[in-house]
Amino acid sequence: MTKKILITIVFAFILMISLASAGVGLKITQGDIKINEGQEGCITPEAYNPFPTGTNVQVVISDELKDVLTEYDSEIKYLPPETSSAEALPIKLCFKVPEVYQRSYLVGKVIDKVDCTNQPMKEYKGDIILESTPGGTDGAGAGGSATRMSVSQPLVVRVACLSSGWDFTFAYAFAAFLSAGIVGLVLYRRFRTPKDVRLKKKMAKLQAEMKGMKK
Amino acid sequence: MGYKDNIVVLIFAAVFLFSIIMLMNQGVRTTGYATTATTTSNVTISTYFAIDMSTNLTNGIEFGTINSIPVTNWNATDNNNSVNTTGVGGTYNQSTSMWLNVSTDSNTNVDFCVKADTALTSSGASTIGVGNESYANHTVTNVSLPLVTSAVDLTTGYVKSGFNITVGGNDYLRFWLDVPAATTAAYYNNTLSFEGVTTGAGC
Chain D
1 MTKKILITIV FAFILMISLA SAGVGLKITQ GDIKINEGQE GCITPEAYNP
51 FPTGTNVQVV ISDELKDVLT EYDSEIKYLP PETSSAEALP IKLCFKVPEV
101 YQRSYLVGKV IDKVDCTNQP MKEYKGDIIL ESTPGGTDGA GAGGSATRMS
151 VSQPLVVRVA CLSSGWDFTF AYAFAAFLSA GIVGLVLYRR FRTPKDVRLK
201 KKMAKLQAEM KGMKK
Chain U
1 MGYKDNIVVL IFAAVFLFSI IMLMNQGVRT TGYATTATTT SNVTISTYFA
51 IDMSTNLTNG IEFGTINSIP VTNWNATDNN NSVNTTGVGG TYNQSTSMWL
101 NVSTDSNTNV DFCVKADTAL TSSGASTIGV GNESYANHTV TNVSLPLVTS
151 AVDLTTGYVK SGFNITVGGN DYLRFWLDVP AATTAAYYNN TLSFEGVTTG
201 AGC
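Chains as they are written, first to last, in this note's numbering: chain D, 1 to 215; chain U, 1 to 203.
Think of the hints as simulated: they come from the structure by calculation, not from any bench. None of these values were measured; they are calculated from a predicted model. One or more hints might be untrue.
Simulated crosslink set (DSS-like; lysine-lysine; CA at most 25 Å straight-line) [what the hints assert, rightly or not]: (1) K34/D x K113/D; (2) K4/U x K205/D; (3) K115/U x K125/D; (4) K4/U x K200/D; (5) K195/D x K4/U; (6) K160/U x K125/D; (7) K160/U x K66/D; (8) K34/D x K66/D; (9) K125/D x K34/D; (10) K115/U x K66/D; (11) K4/U x K201/D; (12) K4/U x K202/D; (13) K125/D x K92/D; (14) K92/D x K122/D.
With the sequences and hints as input, model every part of the structure.
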């Protein structure tokens, strides 16, 4: 009898596991962002899983946004089971926005300036995607298809233009570096010989001048 | 030498100091002097939805062993093996056990998109073209629904495979496989991706 109950419990447990499924949920409160070009920013979508099995998820962005949200770094996060939308976990996604507005250049591309006049604000539309880890397949016989799922919501990125005059930063840095080098070289040449040798040379020079005066 | 050197040192020291001062000035200019006074109105609008796959869909779409080719519209193993599936007007047997569900903890209806990553491919790089794998979807399921006559070939780009699935609703799926006559005997696999989007949004 005990054995029968035990088998029943084990069977029920296996059935419960086999019926359990993991899901992914995405909560967005920021469907559009505005960021200055050349700057770093972050968005924090929230993930939840109101289903009976935990799962690993990752936030990624769609291909349309990959040119404007560069160097982005997203973490893989474990979503515990039965997480409601009210308990959604924030997943931070940080990125850098490259320089996207037209620039004027001097000296090759060393010195630049940005004039935002007649350059309308650039807008990029794509999706923010929450991906789950892939499922499996037994792949027997003719095989089959593994499955994976994701959820996505639209994200609009507006990149603001910041006008700036000629940026001489590189030129000033170069001038500072060059002048420091020249000053250093001159001082090195002056002080590389010992003081007594320099004084002797100075003395010899003065003596030669005095001889010249006597003549 | 001494006098000339002194002049050179003085000139370039002045250039150095000027450059450093201008560099610091550039930094201040970049940071900006803007001051603003604002008052804000705050409203937070959030959109949220969650989806999951049935257990058999999570386990992958299996087509079993095919001993004789060519075949057309070969049924996936789980196309008709569901028992007591709740549907419109009662419960049904021989319905599909593969579906996508929109959680009741959602505040928007959902469209589903599907794509294959590649053709079904064997370890020896033989392939069954992606268009040979097809699917049909429906919001209810029974012995005939989703209909094989509604089957759509899979592609490697996302296409909508379920429209306006309500909160708490299911998008039932069936899959079929065509195997051409010249196909090499092997195990063939690929990966199908399902994406949930807010109703009306693109895949």
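Open item on the list: For K92/D and K122/D, compute the direct alpha-carbon distance and say whether it is at most 25 Å.
Closed with: Answer holds: K92/D to K122/D is near 24 Å, not above 25 Å.
Open item on the list: Just to be careful, I want the Cα atoms of K125/D and K34/D compared with a cutoff of 25 Å; is the pair within it?
Closed with: holds (12 Å)
Task: Pair hint outcome, K4/U versus K200/D [Cα-Cα no greater than 25 Å] - done: holds (20 Å)
Task: Distance restraint between K4/U and K202/D, which requires alpha-carbon spacing of 25 Å or less - done: holds (15 Å)
Task: Given pair status - K205/D, K4/U, alpha carbons within 25 Å - done: holds (16 Å)
- [ ] Decide if the proposed pair is consistent with the structure: K195/D and K4/U, CA atoms, cutoff 25 Å inclusive.
- [x] holds (19 Å)
Task: Satisfaction of hint between K125/D and K160/U, Cα-Cα up to 25 Å - done: This hinted pair holds, its Cα atoms lying about 19 Å apart.
Open item on the list: K160/U and K66/D were given as a pair; does the straight-line alpha-carbon distance stay at or below 25 Å?
Closed with: holds (23 Å)
Open item on the list: K34/D and K66/D were given as a pair; does the straight-line alpha-carbon distance stay at or below 25 Å?
Closed with: Within the cut-off at roughly 16 Å; holds.
Task: Pair hint outcome, K115/U versus K125/D [Cα-Cα no greater than 25 Å] - done: Distance ~21 Å between K115/U and K125/D Cα, so the pair holds.
- [ ] Would you check the hint for K4/U and K201/D, treating anything up to 25 Å between C-alpha atoms as holding?
- [x] Roughly 17 Å between the alpha carbons, so the hint for K4/U and K201/D holds.
TODO: Given the hint that K115/U pairs with K66/D, test it: the Cα-Cα distance must not exceed 25 Å.
DONE: holds (20 Å)
Violation of the numbered hints given earlier is absent; every hint is satisfied by the structure.
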